[in-house]
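Colleague: Sequence:
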Amino acid sequence: MVNDSIIKALKTKSKSLNLSCRKITHLPEVFARLTWIVVLKLNNNYLSSLPAELMCLQKLTELNLGNNVLEEIPPVLKHFSCLNKLYLYGNRIRLLSPEVLEGLPNLQLLNLNHNKIKVIPAEIQRLCSLKSISVTDNLLQQIPAELGLMKCLTEINFTNNELTQIPQQLYNLPQLRKLDLARNNLTELPEGALGWKNLKILDVAGNRLSVFPVGFQFLTLEELFFEGNSIDPFTLMESVQEKEVLTLKELSARLILQQSTNKLSVVSRALPAYPELQDMLSHWGQCALCSQPFLTTWLECVQFINTRKQMGMKSSQSVPVRVLLCSYDCFNRDEHQCYGLVRL
1180 MVNDSIIKAL KTKSKSLNLS CRKITHLPEV FARLTWIVVL KLNNNYLSSL
1230 PAELMCLQKL TELNLGNNVL EEIPPVLKHF SCLNKLYLYG NRIRLLSPEV
1280 LEGLPNLQLL NLNHNKIKVI PAEIQRLCSL KSISVTDNLL QQIPAELGLM
1330 KCLTEINFTN NELTQIPQQL YNLPQLRKLD LARNNLTELP EGALGWKNLK
1380 ILDVAGNRLS VFPVGFQFLT LEELFFEGNS IDPFTLMESV QEKEVLTLKE
1430 LSARLILQQS TNKLSVVSRA LPAYPELQDM LSHWGQCALC SQPFLTTWLE
1480 CVQFINTRKQ MGMKSSQSVP VRVLLCSYDC FNRDEHQCYG LVRL
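Counting the sequence shown from 1 gives a position; the numbering used here is that position plus 1179.
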C-alpha cells in the first residue's frame, strides 16, 4: 500500500504525500525521486531514522514525523533549508542537535511535545524565523536566555515540564502573544513584565507563584490562567513611622536622577566618566502611588488588582501584583488600604 502511494505520487507529481498510520519502519530509496514534494506526512509509524537520500527533497516546507520512535532529530533535516513546519511530537528525543538547528533558517513552527528533552541548546537562536515553539510534556529544567533573541516568536508553550524559573530575556520578545508555562515549578516571574507589550494569553496555572512582578497590571492581557498556585491572602497593616522619612543618601539619589535627565546639567555631563554609577542609576524605580523616581526600594507591597478594570480582560479576577512605594508618606495614604505589606 505504501509503494502504491509512492508510485501514484511519482505519476501525478503531487506536491503532498500522506503516509501516516502505515506501520512504516524505513523509507524506500525511491523517495529520493520525489523532488517536487512540498508536504510530507509520516506520522504514526515506526520510523527510528531517516535516510540521507531524503536530502533531495529540497522543496519540502512541511514535515510531520510525530508519533514515531525517533531518539534524535534526524541529521538529514539540516539540509531542508526551505522547511517551514516541523512536527516531532510523541517520539523519544532526548537531545536537540545544534547542527540540525543551524540548517533550518526558515522554520516557523517547531513541535517537540511529548518527548524526553531536558535541555534546549543556545543554538535555538539560529531558528531566526521561528514564530511558534511547543515543548510540552518533556523534562525541561531551564529555558535558554537566547530564546529572548528570537524576535519573530509569537507563541511559546512549555507546559508540564520541570522549570523553576524563566529568563528575564523572555521579556525582550516584542511579538509574543501567547505564553503557556502551566504545570511547572515556577516560584516567581522576573521583573520586566512591561516588555510583553503584545502578550494576550498567559497561562501559569499549576505552579508555585505567590505574587506577580511590578508593572504586571499594565499588560493588555485577554486571558490569564493562574489557578493552582500559592496565592495566599496578605495581611493588611498601617505604617506607624514618620510621615516622611528620607535619608540623605536617598535625597541625593533623587537629585542625581532628576539632574541626569537634563543633558545640560553638570551631573549629566559627568556621568559617562562613572560607568558603575550609570549602571546603578539605571535600576531606579517609580513609586506606584506618586509616580516619583527613587533609587532605594523603601517598601515592597502587594496590590490586588481587578483584571477586568485594570487590564481590560473579559473575566474579572483578583491578581496579587508586587508594587514599589518610595516613602512612608505614600504608604500611609488613605487609598493605600488595598495594599498588603511584604517588606520594609
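Please keep in mind that the hints were generated in silico from the structure rather than gathered at the bench.
Some hints could be false.
With a Cα cut of at most 25 Å, we get these calculated SDA-like pairs of lysine to any residue [said to hold, decoys possible]:
1) Lys1257 with Cys1235
2) Lys1376 with Glu1401
3) Lys1192 with Cys1261
4) Lys1264 with Gln1344
5) Lys1297 with Thr1366
6) Lys1238 with Glu1281
7) Lys1220 with Asn1263
8) Lys1238 with Ser1195
9) Lys1192 with Pro1230
10) Lys1493 with Glu1281
11) Lys1238 with Arg1273
12) Lys1488 with Glu1367
13) Lys1238 with Lys1297
14) Lys1379 with Arg1362
15) Lys1493 with Leu1388
16) Lys1202 with Arg1212
17) Lys1264 with Ala1211
18) Lys1238 with Asn1285
Colleague: Tell me, which hint numbers fail for this structure?
Modeller: Hint check: 4, 10, 11 and 13 fail, others pass.
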